[in-house]
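S.K.: Spelled out from the first residue to the last, the chains are:
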Amino acid sequence: MNKYRKIALDGVITSNPTLKLVLGTCPTLALTTLAMNGIGMGLAVTFVLICSNVIISALRKVIPEQVRIPAFVLIIATFVTIVRLVLDKLLPDIYESLGLYLPLIVVNCIILARAESFASKNNILASACDGLFMGIGFTLALTLMGAVREILGAGSIFGIVLWDFQIGFFSSSAGAFFTYAIFIALFGMSASQISKRRKLKNYSALQAEKHRLAEEAVNNSAEAEQSDACAAKTDNLNGTPRAFGSGTLNDSAAGELKKEA
Amino acid sequence: MDNNAFLTYSPSPHIKSHITTRWIMIRVCIALLPACVMGVIYFGLNALLILALALFSAVASEFIYLLIAGKKIKEIAAQFDFTSCVTGLLVGLTIGTNYPWYAPILGSIFAIVVVKMLFGGTGKNLVNPAIAGRIFIFMSFQAVVGEWLLPSIGSVTGNSVTTSATILTELLNGTASQLSNWDLLLGTGMAGCIGETCKLALIAGGIYLAARKIINILYPVLYIGVTGLFSVCLGGFDFSLFLPSILSGGLILGAIFMATDYTTTPDTTLGNIIYFIMLGLITAGLRFATKMEVVSFAILLMNLLVPLFDKFIITRPFGYKKIKKEKNNG
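From first to last, the protein sequence lines stand for chains P and H.
With positions in the first sequence counted from 1, the corresponding number in this note's numbering is that position plus 380.
With positions in the second sequence counted from 1, the corresponding number in this note's numbering is that position plus 13.
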C-alpha cells in the first residue's frame, strides 16, 4: 500500500507534472484563460493518460526496445481520437474551446514521459494509479491557474460573473507566462518548506531519541557507580577492607560518595 | 572614524563623494516636477489624484514588501532611496486621466513588487520598473479606456470632442494634423498621457538632469535623433516628418527619464552608443510597422539585451595590448 501512497503523492505534489516537472506547458499557457478550459483539458489528458498507461504497461514485454516510441505514440493517438470523437458528440462547447490543443495531446510531454519512465517499467495496476494521479495533478494545476486568470482577467469564475473589475493583462499571453511563473515559484517554495519541516521533524525526533538513549546510558552508569559505592560503604561498615587492608581505598570511596552527594 | 587620523583604514571604496542613490533620485524627482505641474494644469485635479495615487502606492508597496521580508521600519526608513518615488511618478505620468482610479495603484504595485523587489531591489532589476508598470497598465486597461483625453487648454478646445487618437496615431495613419510644431512642443490641444503632453517641461527636466551630471545628454539626444531620422527615411525622405515624429508620443519622456536608468543601460560608452542607436531604430521601425506608440515596448526589449552588451563590449584595461595569435607553421 505504501507504494501506491508514494505514487499518489508523486503525481499530485512531489512531481506534479505542470508545476514540478514543467511538462505540457503548451496547453497550460494557452488554455488557462478560463477555469472551465483547465478542467476540460485536464480530464481529457487524465483519461488518455490512464488508458495509455494501462495498455503500454500490459504490452511492455511485447514492444521491442527499438520501436517503443512509435508504438507508444500509436497507442496514445488511439485514445486521443476516442476523446475527440466523444467530446465532439457530447460536449461540443468544450470541444470548440479546446480546439487545436485536443489533437495535440498526442504529443503532450506528460503522457509520453509517463509511458517512457513509468508504464514501461511497472505493472498494470501501478501504471493505472500513476496515470490517474498524474492526471489529477495536471487537472488541479490547470484549474487553479485558470481560476486565478479568469478571476483577475475576466472578473468571473467558471463563467459566473463576479464583478466588473478586470485586469486584461492576465488574459493575455504575457499574463499566462507571468501566472505560470508565480505558480511554479509559490509551489516550489511551499513544497520545499514542507519537506524541510518534515526533515527537521525527523531530525529532531532522531535527536530526541539519541538524547534519550544517552541519558539512559548515563543513568545506568550512575546507578552502577552508586551500587559500587554502596558496596564499598558496606565493606567499610563491616570493617573488612576490600584490598590490602589499607584505609586509603576506603577513604577514596568515602570521598567519591561525598562528591556524589 | 577618527577625523584627526592621518590615515584611515577601511574596506574598498576609498574615494567618497556626496553623490548617493538618494541624492540622485531626489534630483530626478525634481526634474519630473515641471511635467507633473503641466499635467495638472492641462488635465485638472484628476491628474493630481492619479499622480498622488501612483506615487503613494509605489512607496507603500516597497515599505510593505520590506516589512514582510522582515526588516524593521526604522531600518527601511534609513535606507529609503526615493527610487520608488521616481517609479511611481513615472507610472502616473504615463497614463491618462480617463483611466480608472485603481489603474495607477495596480501599475505601481506591479512595477515595485514584481519588477523591482522580487529581483532583489534597487539596482538589481532586469527592466525598468516604470516601463513594466506602464506596459502592465496599457495591456490591462487600454482596451477598456480606448482613446486619450484632450487637455483643457489648446487650439482645439471648444469642440465637443474630449477624446481623440494621439497625434502620433494620426501621423502614422496619414491623417493630416491640424497642430503646428509649437502646439506639439507645448502640448496644447494634443491628446495624450498626463506627463507626455508638454514636451517643453520634459526637456527642461532633462536639461536640469544633464546640468547636474546625472544623465549624459548625448544619449537621449542620440535616441531622439536616430528615431527622427529613421522615421524620415521610412516616410520617404519627407523632412517635415522629423519634428512631429520626435515631438509626438512618449518619445521624449522615455528617452530622458526611462531609457537612461542606470541599472538598465550598458556599462561602457561604446555599449551605450550602440544601445541608444538600436533603441531609436527599433522605436521608429516598430512605430511604422504597428501604427501605434511603441517607445515603452522598445525600451523594454532593449533593457533585456543589456546583459548581452555588458558581456560582449568590454573596456580595454589600461596598458593592455591585444596578443597576436602566432600561426602554427609546424
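Hints are computed from structural coordinates only; laboratory data are not their basis.
Among these hints, one or two may not hold up.
[To be verified] To give an idea of the chain H side of the interface with chain P (calculated C-beta under 8 angstroms), a few residues:
id	residue
1	Cys42
2	Leu119
3	Met152
4	Ser153
5	Phe154
[Said to hold, decoys possible] Computed list of chain H residues with no C-beta within reach of chain P, every gap over 12 angstroms:
id	residue
6	Ser23
7	Thr135
8	Ile148
9	Phe151
10	Ile295
The structure displayed is predicted, hence computed values, not measured ones.
Glycine included, C-beta positions come from ideal geometry on N, C-alpha and C.
S.K.: Each of the hints needs a verdict: does it hold here or not?
M.R.: Tested hints:
Checking H:Cys42 against chain P by beta carbon gives a least distance of about 27 angstroms; that is not within 8 angstroms, so the hint is violated. Restraint check, H:Leu119 versus chain P: the minimum CB separation of about 7 angstroms is within 8 angstroms; hint holds. Taking 8 angstroms as the C-beta contact cut-off toward chain P, the hint placing H:Met152 at the interface holds, the least distance being around 5 angstroms. Satisfaction of the interface hint for H:Ser153 is found here, the shortest Cβ-Cβ separation to chain P being roughly 4 angstroms, below the 8 angstroms cut-off.
With 8 angstroms as the threshold, the beta carbon of H:Phe154 comes within range of chain P, its nearest partner Cβ sitting at about 7 angstroms, so the hint holds. Once the 12 angstroms rule is applied to beta carbons, H:Ser23 is consistent with being away from chain P; the minimum gap is 38 angstroms. For H:Thr135, the shortest C-beta to C-beta distance to chain P comes to about 21 angstroms, beyond the 12 angstroms cut-off, and the non-interface label holds. The claim that H:Ile148 lies off the interface is violated: its Cβ sits roughly 8 angstroms from the closest Cβ of chain P, which falls inside the 12 angstroms cut-off.
Residue-level check failed: H:Phe151 sits 9 angstroms from the nearest beta carbon of chain P, not beyond 12 angstroms. Annotated as non-interface, H:Ile295 keeps its C-beta farther than 12 angstroms from every C-beta of chain P; the closest such distance is 18 angstroms.
The structure is inconsistent with the numbered hints 1, 8, 9, although it conforms to all the rest.
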